[in-house]
Structure formats: C-alpha cells, structure tokens
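Participant: Sequence:
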Amino acid sequence: MTLTASNALLSFGGILLLASLRAEAALSVTLNGTPCSVDNIVTRDVCIIGGGSTGTYSAIRLSDLGKTVMVVEEKNRLGGHTETYHDPVTGTPHDYSVVVWHDLDIVRNYFARLNVSLVKSSAGGSGAKQYFDFQTGKPLPNYSPGDPTPGLAAYAAQLAKYPYVEEGFDLHYPVPSDLLLPFGQFVKKHNLQSMGSLIFGFAQGLGDVFAQPTLYVMKNFGSDILKNIKTGFLTTAEHDNSLLYEHATADLGPNVLLNSQILAVDRSDREEAKVLVKTPSGVTLVKSRKLVFTIPPKLENLRGWDLSALERSLFRQFSNSGYYTAILRNSGLPSNLSLVNVSPHTEYNHAALPGLYGITPTGIENLLDVKYGSVNGLPDDQVKKDILSTAARLQVPGRTTGNPELAVYSRHTPFELTVPPKAIAGGFYKRLYGLQGQRHTYYTGAAFHTHDSSLLWQFTEALLPNITAV
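When the letters of the sequence shown are read in order and numbered with mature numbering (1 follows the signal peptide of the UniProt record, and there is no 0), they come out as residues -25 to -1, 1 to 445.
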C-alpha cells in the first residue's frame, strides 16, 4: 500500500499519540522511599513468592479457601524441583528430579483436586545394579552394600524419640544432644552402621550426610519415609510428575507471573505489602495484605527486599549444599543397568563428593538419568564437565563407543539450607519461626522444614488458618 503525505502525517501523529498514551499510562509509586514507574497495578489477598512445590500448593489451597492470589515465579513454569523430560523421538516422559511422594491423604487429595491420577511406586527402582568407583572408572565386583535391616530397625527406634521433627523445626529446648551430633557419630553411637550406604543414597542432596547434624538427616529420612519404603510411595499414573503443575498453572490462569523477577519489596505499610515485579510484559506492582514466602532465604535471592535486621541476621547464617540432575545421551553405556558410585576410600563406601551418586536407566533407549551432589554450590560448567568426563571413564563391560552429551541439565542449588549445631542449640529456629506473620509475611518451603513436597504441604496446611485470618 502507498501512503500519501497526509496519510504518512496521520500515521506519524498516531505513533506520537500512542507514545503519549503509554507515557500517561505509566504509574508512579514509591517503594522503600524510592520513586518507581510501573505499567500495571494488581491487588490480591495474598502474593506468593515462588512457584515451586510449596508455592503452587499455597496458591491452589488459598484459592479454594476464597482468597485471591498472585504467584511470582522466576522460571517459565511452576513446579520448582519437579521436572520431566519428554523424549522428542518417542514422546516418552521421564521424571528426572522429584520422583515420588508419600502415600498420605493430603497428597491424594491434592492430586485429585487437580485431576492427576496416582499409582504406587517404590523409591529404590528396579533392575540390575553394578558398583563402580567413579573416580577411577573401575568396577568393584566384590562390593556388596549389605543388609540394612538391623540398622533401619535401630534407627526407627531413635526417630520415635523425636516425633516433632517430622512436623518442622518446632524443637524442644534444650535441644537433645543426639540431634546436634554429626550424623556419622550418631550412627556409631547407636550401632546403625548397616544402614550407612542406604541412607547416603536415599538422602541425596544433603551433601556430606555423615557430617550434617543428625537433626537434618532425621527430617529428610524420617519415620514416614521408613513406612513408605515398606508399603510403597506414590507417583503419577502417566509417569509425568509435571502434570500436577501443568494442571495447577491452567487452574490459576492469569494469577501467575512467570519469567518474572522481583525488583523490590516494601512491607512498611500497616495495611499491605507491595511487591514490584519485572515481567515479560512490563513492570507490575502487586499489592496484597499477606505474603507467602517459599524460596530459599539466602541473601543473594533477596536483593531489593526491605529486610529487617533480624531477618538479615538469620538468613545470612544459612549454608547450603549443591544438587544437580541431568539426562545423559550417547554415552555408550547400557540402557538397562544402574551404575552405583561407591568408593573404597570412604567409611561406608559412599560416593566421594563432589561427584555423581549414580547413573540409572530412564526406560528410553540411549538416555540415562544422572544425579550429582556437592557439599557446597558449584558452577554449572564444572558440574557438567565432571558428569561427562566421569561417564566417559566408566569401564563397563559391553559398553559401545559413544560421545556423551547432556540432553538436559538442571541446577537445584542452593539445596539443603543448614546452620551449625551451636546455632541450633542457641535457638536459631525459635527465632526463625518467630518471623511468622511479622510484616505481613508467612514463611514456608524447604528451609523452614525439609526437602520433601509431601511434608511441606502438611507444614503449609498448618499455616493456612493464620494466612487466611483477617
């Protein structure tokens, strides 16, 4: 189409008018004493910080209880640590992060609410296993993990002394000395050595399990875990655990801000909290009477927050482990064999970290599941390089020539957040829990309980009456 001079002038004038309207549409607000320009203002009863397992559960439950919500999530999806790979060739799904949940009513009810079917599953997997020293790549044909039954029975008796540990960090004071012991010392004190190998493999992501205070290990590997090991866990019937979060996303609709970054948080107003969010479509200000905080409370995650002196003092005490998951392609390794990393140089022959816990089948030809742990967080490039070099050196009989590469890789770091025994004994968690409800904010998520979706949903459920109170 050819524009006349008058049409061109009208078109140019339209652009100027549109720009003027946009400028007028931009709103000015003040947060933490600083003027800010925003494109959109929304008001909700509750703003939820983080759209992982706990944040998504909070959003669905609060919505069902008649509250309006807005979820702020930095990734392009809900679900956090729950991730599913779909093979582009066969379409077959594989859950390469969260695999199972506890068989509890709260779990069954939540999945039923979102119309996702569940089936029983074991957490230990099935099929043949071979043991290797991943540091040298050599097989250890004479290694056997032994029977963990005596140690597990003795461990269950110890867990029974501290039933409150299964519910959170509402500890008894003075804190029992056994809970403060490094877990390796606790194991020896109570003759639990036969379960040493099993618990290291199960409690992946905790870093050096035997150096951690026993409290954290008990919370991660508690009495309901022992019960489900015997009776079976739950997983999705489609073997696609991300379905839970896809259905939740559809249910919440426009009340989710994905690919979004928090720029500032102002909780100084007595009536409401303000959260300034950079979204793909502009800057949105979310006003709400309550905040539900679910992300790891590390100071590097909280730039722009109006942290109090107490919040800053508590959050800076956290240390964290590192945990990483991946799917390996073109490795030349057998697709039907679990390769377990054991070491002849560690006390319980557990894998030396940083390193791989093991390599397991996905059920998809030429694709293998990888889990990697470290005591501290590591750069992704370092982890990826180590995964590939380790896979290449494994001397597995019958392996074919391959060129290992990562089909997918995911960083779950910071993972386990911990403080030293002295801080635990000194009332760290009493002060941390004292933050609940202060400055419009309620706290949940792994740092306030444990890395276990099922138990976190229970923990969050207990907070709901206070969150929904006027």
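Watch out, some of these pointers could steer you wrong.
Below, computed lysine-lysine pairings styled on PhoX-like, alpha-carbon distance capped at 25 Å [unchecked claim]:
{"hint": "1", "residue 1": "Lys202", "residue 2": "Lys163"}
{"hint": "2", "residue 1": "Lys113", "residue 2": "Lys164"}
{"hint": "3", "residue 1": "Lys95", "residue 2": "Lys205"}
{"hint": "4", "residue 1": "Lys42", "residue 2": "Lys104"}
{"hint": "5", "residue 1": "Lys359", "residue 2": "Lys50"}
{"hint": "6", "residue 1": "Lys136", "residue 2": "Lys95"}
{"hint": "7", "residue 1": "Lys164", "residue 2": "Lys397"}
{"hint": "8", "residue 1": "Lys262", "residue 2": "Lys273"}
{"hint": "9", "residue 1": "Lys202", "residue 2": "Lys95"}
{"hint": "10", "residue 1": "Lys163", "residue 2": "Lys397"}
{"hint": "11", "residue 1": "Lys405", "residue 2": "Lys136"}
{"hint": "12", "residue 1": "Lys113", "residue 2": "Lys397"}
{"hint": "13", "residue 1": "Lys50", "residue 2": "Lys273"}
{"hint": "14", "residue 1": "Lys42", "residue 2": "Lys262"}
{"hint": "15", "residue 1": "Lys397", "residue 2": "Lys273"}
{"hint": "16", "residue 1": "Lys273", "residue 2": "Lys253"}
{"hint": "17", "residue 1": "Lys104", "residue 2": "Lys202"}
{"hint": "18", "residue 1": "Lys136", "residue 2": "Lys205"}
{"hint": "19", "residue 1": "Lys136", "residue 2": "Lys164"}
{"hint": "20", "residue 1": "Lys50", "residue 2": "Lys205"}
{"hint": "21", "residue 1": "Lys359", "residue 2": "Lys113"}
{"hint": "22", "residue 1": "Lys202", "residue 2": "Lys50"}
{"hint": "23", "residue 1": "Lys104", "residue 2": "Lys397"}
{"hint": "24", "residue 1": "Lys136", "residue 2": "Lys359"}
{"hint": "25", "residue 1": "Lys273", "residue 2": "Lys405"}
{"hint": "26", "residue 1": "Lys136", "residue 2": "Lys163"}
{"hint": "27", "residue 1": "Lys253", "residue 2": "Lys42"}
No wet-lab data here; the hints were simulated from the structure.
Participant: For the pair supplied as a hint, Lys104 and Lys202, confirm whether the alpha-carbon distance does not exceed 25 Å.
Facilitator: At roughly 24 Å apart (the allowed maximum being 25 Å), Lys202 and Lys104 satisfy the hint.
Participant: For a C-alpha distance cap of 25 Å, please report whether Lys163 and Lys397 respect it.
Facilitator: holds, 21 Å
Participant: Do the alpha carbons of Lys42 and Lys262 lie within 25 Å of each other, as the hint requires?
Facilitator: Holds. Lys42 to Lys262 sits at ~14 Å (cutoff 25 Å).
Participant: Hint check: Lys50 vs Lys205, CA-CA at most 25 Å. Holds or violated?
Facilitator: Measuring from Cα to Cα gives roughly 36 Å; hence the hint is violated.
Participant: Take a quick look at whether Lys50 and Lys273 sit within 25 Å of each other, Cα to Cα.
Facilitator: holds, 18 Å
Participant: CA of Lys136 to CA of Lys95, is that 25 Å or under?
Facilitator: violated, 29 Å
Participant: Hey, Lys397 versus Lys273, does the alpha-carbon distance stay inside 25 Å?
Facilitator: holds, 20 Å
Participant: Please verify whether Lys202 and Lys163 have alpha carbons no more than 25 Å apart.
Facilitator: holds, 23 Å
Participant: Taking only the CA atoms, is the gap from Lys113 to Lys397 under or equal to 25 Å?
Facilitator: With Cα atoms ~41 Å apart, Lys113 and Lys397 exceed 25 Å; violated.
Participant: Would you check the hint for Lys136 and Lys359, treating anything up to 25 Å between C-alpha atoms as holding?
Facilitator: violated, 42 Å
Participant: Is the Cα-Cα distance between Lys202 and Lys50 25 Å or less?
Facilitator: violated, 34 Å
Participant: Going straight from one Cα to the other, do Lys42 and Lys104 come out at no more than 25 Å?
Facilitator: violated, 49 Å
Going down the numbered hints, you'll see the structure goes against 2, 4, 6, 12, 20, 22, 23 and 24, while the others check out.
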